[in-house]
Amino acid sequence: MGGFVEIGELLFSVNAGSKFHYHLLWVVVLGTIGIIVYGEMAGRIAAVMRTSVFDVIRDTIGPRLGLITLLAAVFVGVMTCAAEVGGVAMILRLLFDMPYRVLIVVTLLFFLIVIGLSNLKWIERTFGIGGLLMLIFIVTAFALHPDWPNVARGLIPWVPSSSDKQDLLSYAYYAVALLSSIMLPYETYFYASGGIEDDWSSKDVPMNRFISAVGFTLGGCLTLSLVIMGAVLFASRDIEAQLPGTAVLGPIETYGKTGLLLALAGMFFAFAGATIENCLSVSYNICQFYGWKWGKRLEARTVPRFTAIWLIVIVLSAAIVMTGVDPVQVVEYAIVFSVVILPLSYYPILRTARNRELMGSHANGWVADTLGVFFLVLVTLAALAAIPLLIITHSGES
Amino acid sequence: MSRQVSVRFQSALAVGVVLIIASVAWQVGTGLERPLDAEDMKIDVADLGSYAAEGDLLTKQRVGATLTRSYSKVQSQMWRDKIEKIAIKYQSREPEMGLTKSFGEVHALAQRLLCVTDVVTENLTREETSTAAASELKQAALDARQLKSRLSLTPD
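Taken in order, these protein sequences are the chains called R and Y.
Here the first sequence stands for residues 0 to 397, where the numbers follow numbering that gives the first Met the number 0.
Here the second sequence stands for residues 0 to 155, where the numbers follow numbering that gives the first Met the number 0.
Don't read these hints as lab results, they were simulated from the structure.
Be a bit skeptical, because a hint or two may be false.
[What the hints assert, rightly or not] Listed next, with one range per pair, are the computed distances between beta-carbon atoms:
id, chain 1, residue 1, chain 2, residue 2, range
1, R, D368, Y, A21, 51 to 57 Å
2, R, T257, Y, S134, 27 to 33 Å
3, R, P148, Y, Q138, 30 to 36 Å
4, R, Q328, Y, Q90, 20 to 26 Å
5, R, E298, Y, N122, 55 to 61 Å
6, R, V376, Y, W25, 31 to 37 Å
7, Y, L113, R, T257, 29 to 35 Å
8, R, P303, Y, L31, 38 to 44 Å
9, Y, A64, R, A151, 33 to 39 Å
10, R, T369, Y, Q76, 48 to 54 Å
11, R, L116, Y, S134, 51 to 57 Å
12, R, G323, Y, Q90, 18 to 24 Å
13, Y, C114, R, V376, 51 to 57 Å
[To be verified] Simulated crosslink set (DSS-like; lysine-lysine; CA at most 25 Å straight-line):
id, chain 1, residue 1, chain 2, residue 2
14, Y, K147, Y, K137
15, Y, K59, R, K256
16, Y, K100, Y, K81
17, Y, K81, Y, K137
18, Y, K59, Y, K88
19, Y, K72, Y, K84
20, Y, K84, R, K256
21, R, K164, Y, K147
22, R, K256, Y, K72
23, R, K120, R, K292
24, Y, K81, Y, K147
25, R, K202, R, K120
[Stated by the list, open to error] Just so you have them, the derived chain Y footprint on chain R, three or more residues with Cβ under 8 Å:
id, segment
26, 66-75
27, 92-101
28, 243-255
No residue lacks a Cβ here, since even glycine has one placed at the ideal position from N, Cα and C.
With the sequences and hints as input, model every part of the structure.
Structural data, given as structure tokens:
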């Protein structure tokens with residue numbers, strides 16, 4: 000779970016519940032199925048062909064469009080990484096009441112040590128298990144006694160009947176942003192690269208299916224609980240969470256100080272996991288696109304470009320938040336821009352995963368193919384609508 | 000890499016990126032100077048109402064019992080900073096023609112909230128102060144809701 004629910008998804012989910020009650024729950028379900036479908040495909044390609052996402056992108060859509068996708072992915076990756084560094088510093092500030100900028104430096108040093116000195120397995124396990132503390136939000140959602148029949152109705156796609164055009168646009172903006180925050184491209188890039196790092200082969204295809212289904216479903220359940228918490232606790236009060244600490248008010252209301260500490264610790268691991276995944280993803284993507292040697296499993300000095308890129312990304316991320324820019328606003332824009340690169344990332348994955356010459360018996364079956372095409376159309380429509388909606392609705396605030 | 004990208008294409012791409020960054024910077028720059036319109040005020044009132052309601056929820060908790068001292072102090076400080084940012088905006092910017100009254104009302108609400116948050120952040124552990132602040136914040140949240148409705152109907 001560490002890395003799946005990051006600062007942007009946390010706040011978008013809570014605010015989706017606060018603004019539209021349970022009516023956007025179906026988007027969470029849809030997005031979770033989407034990320035399972037494409038995460039599984041990317042992992043399967045990595046296991047069967049030992050090929051990463053950006054190798055596939057470059058070879059499928061060509062180097063020119065591939066380079067544009069790479070630039071956009073790097074931009075979004077650095078922005079998201081910066082927001083996560085700011086998010087981790089904010090959580091530490093809520094825990095230890097130290098100056099924000101000092102904590103950004105502490106956070107930077109922490110990441111330099113963790114990424115530099117730990118192996119990928121340790122990172123995945125530590126932040127994955129630590130992120131499970133976020134389960135406090137699922138427990139909180141149950142404890143708040145939501146209106147279950149309405150929760151069930153929220154799982155069915157719905158369009159508001161309001162005659163107010165602005166309401167409809169705001170609803171559409173939140174639907175697109177929530178979908179994007181669940182299907183963030185770095186998750187697929189990191190997952191597939193991680194498979195290659197772990198030396199997956201064709202015999203790991205069933206395990207890949209299991210990991211992507213269970214892992215992303217768990218993250219999806221957490222997102223559902225955040226929307227429910229927003230609907231029960233914040234909607235009636237018209238609260239729009241603009242700080243990570245606001246989301247903690249749910250666990251505080253139900254479990255007091257214990258809820259507060261569990262939620263803050265869970266958020267620390269989740270945001271830190273997302274920081275590491277984003278940082279390494281940028282490095283993976285650039286190296287894979289240009290055909291440079293890469294890998295966290297290799298000695299840092301044997302992969303100098305890979306090491307230099309992740310070092311630059313983490314330092315640059317810290318420098319961005321050091322300027323005083325609001326991490327929440329940064330991640331909001333990063334998430335909306337992410338959806339724009341999703342079709343360019345997913346189309347090559349789909350085309351490769353269904354290619355029987357390349358994938359042999361592990362090529363897509365009709366279920367994966369149908370779902371793949373459906374989600375490709377969906378993210379393309381979302382990509383076309385994302386930026387106009389961001390501008391028209393003033394980031395959903397109208 | 001099997002197929003290389005030409006230098007000409009990379010240069011064109013770099014120019015494109017610079018142009019996009021420059022146009023975004025220009026948009027942001029002009030946005031910071033233009034007079035506030037009804038839409039801006041509606042967004043700010045909604046934010047103020049949200050902060051007031053959040054403050055109400057926060058002040059109902061007890062430091063030591065349900066909150067840690069650091070969380071209480073830092074969260075209320077960050078919450079105060081957000082309100083202050085809006086209050087400063089209404090000191091330094093002008094309203095659009097015909098929106099002076101609404102502008103004044105939003106400004107007054109921001110100042111009122113700022114006063115309450117100052118009391119809250121300075122008296123985190125005093126129960127009687129928190130209770131009084133909570134009721135003021137609740138009222139401010141209600142007032143913000145009404146002001147937002149008025150701004151939606153007729154700007155002035």
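Numbered hints the structure breaks, given as an ascending list: Structure breaks hints 1, 18, 20.
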